[in-house]
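Dock chain to chain to rebuild the complex, using the hints, since each chain is given by itself in its own frame.
Just so you know, the sequences run in chain order R and L.
The opening residue of the first sequence carries number 1 in my numbering; numbering runs sequentially from there.
The opening residue of the second sequence carries number 1001 in my numbering; numbering runs sequentially from there.
In short, the hints are calculated from the structure, not lab data.
One or more of the hints may lead you astray.
[Claimed, not checked] Dumping the calculated DSS-like pairs for lysine-lysine here, alpha-carbon to alpha-carbon at most 25 Å:
#1 L:Lys1174 - R:Lys12
#2 L:Lys1020 - L:Lys1039
#3 L:Lys1164 - R:Lys4
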Amino acid sequence: MPGKDFLALMLKVGFHRVALRSYTGFKSSPYTEGALFYGEKLIPGQARDDVASQAEPPAAPLTDPACKPGGT
Amino acid sequence: MSPEMTETEIQKVRQGIKAKYDRVAAAGTGGCFQYPTGKAGMELQGYPPEVLKVFPPEVMAAFCGVGNPFSLEPLTPGDAVLDIGCGAGVDSLVAAHLVGAGGRVVGLDVTPAMVESARALLSRLGLGNVTFQVGEAEALPFPDASFDAVISNGVFNLTFDKEKALEETHRVMKPGGRLMLADMVLVAALPPDQAGKVENWFQ
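Next comes chain L alone, as it looks inside the complex (with noise of 0.2 Å):
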């Protein structure tokens, strides 16, 4: 975050945030992003063939990740997956697909619209191996060592404190468990116009 930001400033980002996640639970991802969504951003970003092939279009439709974490490592069947900032929640059914019945995926989102709509589209795949709930990135709400995996897609860019998410990541992670995260990157200097431009938070 930059250190220049006001309290306003840091209000007004939150409301936007907000907002847009407001907007993606209540109509869906069109419009929303600047990238691919839905089927056509999951198959760009080469998600396991056989979650394509088996998952309702409705379920693909919610997709609005900004890359492919199961593309770092393979989650293995029975890993405890902590999927942070869940949104719609289709990650989090990918990961209770793949590591099947005797597995556990949690889905955590911050916007509680978001969550519903996770819970919506849980009904639509009946697995028993995924639960979805509110809560925070900076503060998660679960013991040590819970997780074997952690996995997020476009999230920790959007976090105020994302050293402290990624304590708590750490903290609740199983030695040896791996963290397979996407997220949007700088990858160019902002124009000095454009620096610190509330509207960057949440493009």
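This is chain R alone, in the form it adopts within the complex (with noise of 0.2 Å):
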């Protein structure tokens, strides 16, 4: 599933602040790579803080993160 389906999904059962922060650069597959999710449950009376929330997650990189800058 996308980063931007699973964001969705978050928000669909009542997350906020939910967000992709980050690919974790550990990859299982060529299409595959791992993401750091968060979100928060509403305390009630809270307003939804939508703002925080992330519809499209940032681009993946666009390398393979395990090759460091200068390996082979």
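Okay, structure coming up:
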């Protein structure tokens, strides 16, 4: 599942301040990479903070993150 | 999940996931993952140095997470934490270390063999604030508003009903609770001949 779809599910079930903070560099295939998601459960009476919520994740790194600068 | 998956394909995926994690429970992480595991994986993901310093090598050797949920927000001493899909329990043990004796951690995993592995590793650390049990993300065996934080590492991508798993996660969290999640996501479109292949579920 793409990160943006997972973010949409998080919002749908009630989380706010949802975000895909970063990718982790760990890949299980050429098409899949680890990502870090964050969200909070609303406190009763608290206004939803959807400004802080992402609908789209930041772009995934284009290069293989296992390759360090200057590496092979 | 691909809506085109047949019941037979779903069963194949379930069997594949179970077989993979039975292998991990029996023989460790070696050869089962495409990315660094064990202590090297924890170091690359920036796990707390104080944890890397005090955890026994055999505990860290069981790490097979895809990221570091603890990098998202700090756990607070005294927090109640749920680790969904705890596997061999490394993140649960890290959480137990971070929340201290006044906190509590529950590690939940669908694979009984992994829960047994987690209990064995717990015995190496002697932490009294963590328990492990068998259960599914889509039907969490806990009352509403039980946890201050929920962590998970490389698990939701393996669930068939992600919306239900997230609903259950939301239900068991206390108001103001934090979800700190590492997971595999698609970052590029699968080639047409790869899309829907059963094997993609447990890569």
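(request) Mind listing which of the numbered hints don't hold for this structure, in increasing order? (result) Every hint satisfied by this model.
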